[in-house]
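Start from chain A and add chains B, C and D according to the hints.
Chains A, B, C and D supply the protein sequences, listed in that same order.
Each residue of the first sequence is one higher than the one before, starting from 445 at the first, in our numbering.
Each residue of the second sequence is one higher than the one before, starting from 61 at the first, in our numbering.
Each residue of the third sequence is one higher than the one before, starting from 75 at the first, in our numbering.
Each residue of the fourth sequence is one higher than the one before, starting from 9 at the first, in our numbering.
Hints were generated in silico from the structure; no laboratory data involved.
Keep in mind it's a predicted model, so treat the numbers as computed, not measured.
Just so it is clear, CB atoms sit at the ideal spot from N, CA and C, and this is done for glycine as well.
Take these hints with a grain of salt, some might be off.
Unchecked claim - Incomplete in silico selection of chain D near chain C, CB under 7 Å: (1) ILE46; (2) GLU68; (3) ILE158; (4) GLY159; (5) ALA160; (6) THR162; (7) PHE165; (8) ARG169; (9) ILE231; (10) TRP232; (11) ARG235; (12) VAL383; (13) ALA384; (14) ILE387.
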Amino acid sequence: MNPGMSAGLNSAINAGMAPVGTPWFFYVLAGLAVASGVAVITRRNAVHSALALIVTLLAVAGLYLMLYAPFVAGVQIIVYAGGIMVLFLFVIMLVNIDRSSKERQFNRIWPVGLAAACALLALFVSAIAKGKALFPDRMITLPESSNTQQIATMLYGEAGKMGQYTFAFEIASLLLLVAILGAVIMTKKKI
Amino acid sequence: MAEITTLHYLVVAAALFVLGVIGVLTRRNVVIVLMSIELILNAVNLNLVAFSRMWGNLHGQVFAIFITVDAAAEAAVGLGILISFFRNKETINVDEIDLLKW
Amino acid sequence: MPNFIMSYLDPKVTVTPGSAGNQFWALMYVLIIFAGVSVAVICMNWIERKALAHFQVRLGPMRVGPHGLLQPIADAVKLMIKEDIIPAEADQFVFWIAPMIGLLAAFTVYTVIPFGPSQAVSDMNIGILFMLGVSSLGVLGIVVSGWASNSHYPLIGALRSSAQMVSYEVAMGLAVVSAILMTSLNASGTGTLSMIGIVQAQQQQGVWFIFKFFPLGFIAFVIFAIAMVAETNRAPFDLAEAESELTAGYHTEYSGLRWSLFMLAEYAAMIAVSSIAVTLWLGGWMRPFPNLLHAPAWDFIFSLFPGLTFGGLAAITFIEAARMPTQSFFKIQRIGLAVFAALLGFIALLLLVIAVAGRSADTSVAARFREGIDYVYWFVLKVAGFMYLFIWYRATWPRYRFDQLMKIGWKVMLPISLGVLVVTAIVGVIFS
Amino acid sequence: MSDRTSDASNRAPSDVDRSNLDYGTPDKTYLDSNELIINMGPQHPATHGVLRVILKLDGEKVLGTECVIGYLHRGVEKIAENRTYTMFNPYVDRMDYCAAVSNGLGYCEAVEKLMNVEAPARAKYIRVILTELQRIASHQLWLGTHALDIGAMTPLFYTFRDREEILKIFERYCGARLTTHAFRIGGCQYETYAGFEKDVKNFLAFFAPKIDEYEALLTTNRIWLERTKNVGVISGADCIALGVTGPLLRASGVKWDLRKAQPYAAYSEFDFEIPTGVNGDTYDRYMVRMKEMRQSMRIIEQAVSGIPEGPIMGKVPKVIKPPVGEIYHSIEAPKGELGYFIVSDGSTQPYRLRVRPPSFVNLQALDLMVRGLLVADVIAVIGTIDIVLGEVDR
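Chain A on its own, in the form it takes in the complex:
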């Protein structure tokens, strides 16, 4: 990157140029994420659910941006919203949607499931309430402009040196390969 450029950026950020309206942005995005999350699990029609999930994903990507994680946000948009959700919509179109949206939507043990989820919620609430003091009041500012480089350094390492996560990264690529093979084998009628 152009040194003058990044210097300008950093100076702009360090000059106390706090991102504007942060609380508002946060509440809007969080509300959007949770509301469309509710829509995901309650819609009868799977396409509506998928659209709601896309909204959730984009809102979460916005939250990542607010957390100074632009690269993760970009990956979220490309992989999740652009890739995985298209796959979901593709499959929804292939399977018979008309019939299943007229049927019963929840399985018979739904009270049990709901109870378990409520128990989980209670656990979360108590954990958050108890551990509240652990968290600092102010969040620190990460260097946004070098975010990608830092992640790359962790994944691939510096010149001539393996990074902290290089091995895990290779394993992940293997995982993807296996997933590709698995998906092909499972969906093909005759191999």
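Chains B, C and D alone, transformed into the frame defined by chain A:
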């Protein structure tokens, strides 16, 4: 308005996680169950990234990327299973998947 | 004048309004870009119809306004007052929202397109990633519209286009990566994803990436140029809306304003992907030979180009007005064309005045204006070249079949782009 | 409709299993055992009129087709029974309205043969010139629409621009451009206008570079090759079994042209070749038609330079009353063998008139040609068969 702290993000993540769990445990439609799993993974990712900012290093973000990779693999395989299942049984309801073979 | 307006006109500011936190100018840029893209789509509509007509030995629109200049406006009015039909069996909500998704995706991309080093809404440090991601959201609108129409032809069109766009994104992404790789060939060894940073890297290395490591950059560029045609569903890859096969593909059931939103999104997406190509390989806003012909005199000569272009257009329009038939029927048209020519001439004069006034490399507002006009002019000129290519393709080539399209995407483009990426990396390591 | 297809299926080669043409219920999905049924036409931009093709698809793969025809049925054959021979003559123009002159030639020659009269030599030459011009015009129309179906827009406008010149010659000759009614039983109604030869020669000079222009756009175009090579392959044996004639038959390697096989009009006096293909695919059919246009130009050139003087009308009575009997006469129309079977009961009206339209018979091959191909190929194959629905439905 108060400043947004890590805690705020954790609350959102917890809400998304619980919503995902509810979806997985109660819905019949496999597609929606898979989408609920994506919700859960996103909640986890949000947590990781929030912690990453709290501690001031990027390990959380790297983990979030790994989880995204995992989610892609899971979606591909899950939907592949779904299609081959649908082809054989002509249903996509979880509670009708009750045989180990067909 | 308030400080927040003047501050950005200060030549010392070298960052985009978004990065400088200047919300007023960011808003202004958003409005200018939105209006500009809409106008560009309207112009593109007219030019495509005229150019296509002249390719095909016909005249194209001639009735509405002189040489059909008002035809796009007439079309827009017609589409707006047309009845908005939603099929009875369609999913109303999804049917309603589908065109919006495509349009939003197409327009959001423009927030990171750099028309100049500081002439952009914002300079995201993940700019190119953001662009690819958001432009890939456009496929959602197409898929969902095909499904919501509840009809066979749109469904097939939607399935086709989703498969097509997802496949070509892979080759496109790899080609982009090989260009990004070239940005890291500097002293510090770090590249950039920022759109502005990419152009500045080309400036520093003194070469457009299309000519870097010839022919590697060129191959990557060609891969991108093919993939972007497929990505925008244009001929010869317009299978999603193949009118001879699927009547109109995914927007068969759409009419009126909603249909025009699809068209708007398509043309906006065309301009957006062309902008990516220009930014990555053709030096973005840079004028030809910025390093070789580097002197104030050369700067001045090149800064005359915008004015001369408009002057040329005005001259052509004047000649056309003079060549109009002399019947009284054409009188109004002739006057209209002459007024249009006068308008173009006025713009040309204005641009020339700015170029002359800002010729000294001082820090006056005029110099800043002249610089900005130069940047935007060269950028738009390059994009316009791509737009012409889109029309040319459409006039020349038959349409690919679906399996052939997929074969090309996966078996030809993907291996080549992967190979180019690897070779670029190796060559980059060797030569730096 | 079903009778007709089952008729065709009885004659179809046995390697295609037609017994499974069960179209099921369209509600089901199409993942594995269930197929997608698509109704292509009668209102579809690429079915060349009002052809309706019911496609059974697996994804995009065509499992079977059924043609539903009759949307343009006007009862031409029945009309013939209620008109005198002379009155019926204009009706034949309305069958293949893209090649009206050829239709008229076939009808007039059939009635002449029935009455045992012969048109004078000059009339025959005029007939050959106009019919060959019509063949070029018909192939031009085919080329433009076929290319448009495959996605190339531009050739359509080029061919229509050049077809205009032919129509202008028709217009000057007989006053009509499309449904010309150029010939009469026993010869021609009109003497050639002053400058007819010059016009035709000018056209030949004008048109020769234009064919090269079409070929420059398409013949070596990579996408065109990919879209047409090995698409809609049909063997010569299958063609013969299905009764397919014309360029389709010749593209499959069978050298059969009625102009050579049983010469009519003045064709025996001209020197020309029968272009044939090898593979019987869409590309070969394209090449055969392109070559045919060049051969037609050759014929026209010879005919125009050798046109004899003399009368243009043979010795035909005022009231045409053929003797009792029946006749089958066929000519090589642009689309294939166009036959007229006329049964005469000695009155002024035919007792029964039956037309053997090339488009209708050739359309039978559609199902055989598109099985296993994709939807896009169906369009290409419909285009390459070169149907005119006016002729299919009559």
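The hints, checked one at a time:
no.: 1; hint: ILE46; verdict: holds, 5 Å
no.: 2; hint: GLU68; verdict: holds, 6 Å
no.: 3; hint: ILE158; verdict: holds, 4 Å
no.: 4; hint: GLY159; verdict: holds, 3 Å
no.: 5; hint: ALA160; verdict: holds, 4 Å
no.: 6; hint: THR162; verdict: holds, 5 Å
no.: 7; hint: PHE165; verdict: holds, 4 Å
no.: 8; hint: ARG169; verdict: holds, 5 Å
no.: 9; hint: ILE231; verdict: holds, 5 Å
no.: 10; hint: TRP232; verdict: holds, 5 Å
no.: 11; hint: ARG235; verdict: holds, 6 Å
no.: 12; hint: VAL383; verdict: holds, 6 Å
no.: 13; hint: ALA384; verdict: holds, 5 Å
no.: 14; hint: ILE387; verdict: holds, 5 Å
Consistency note: the structure conflicts with none of the earlier hints.
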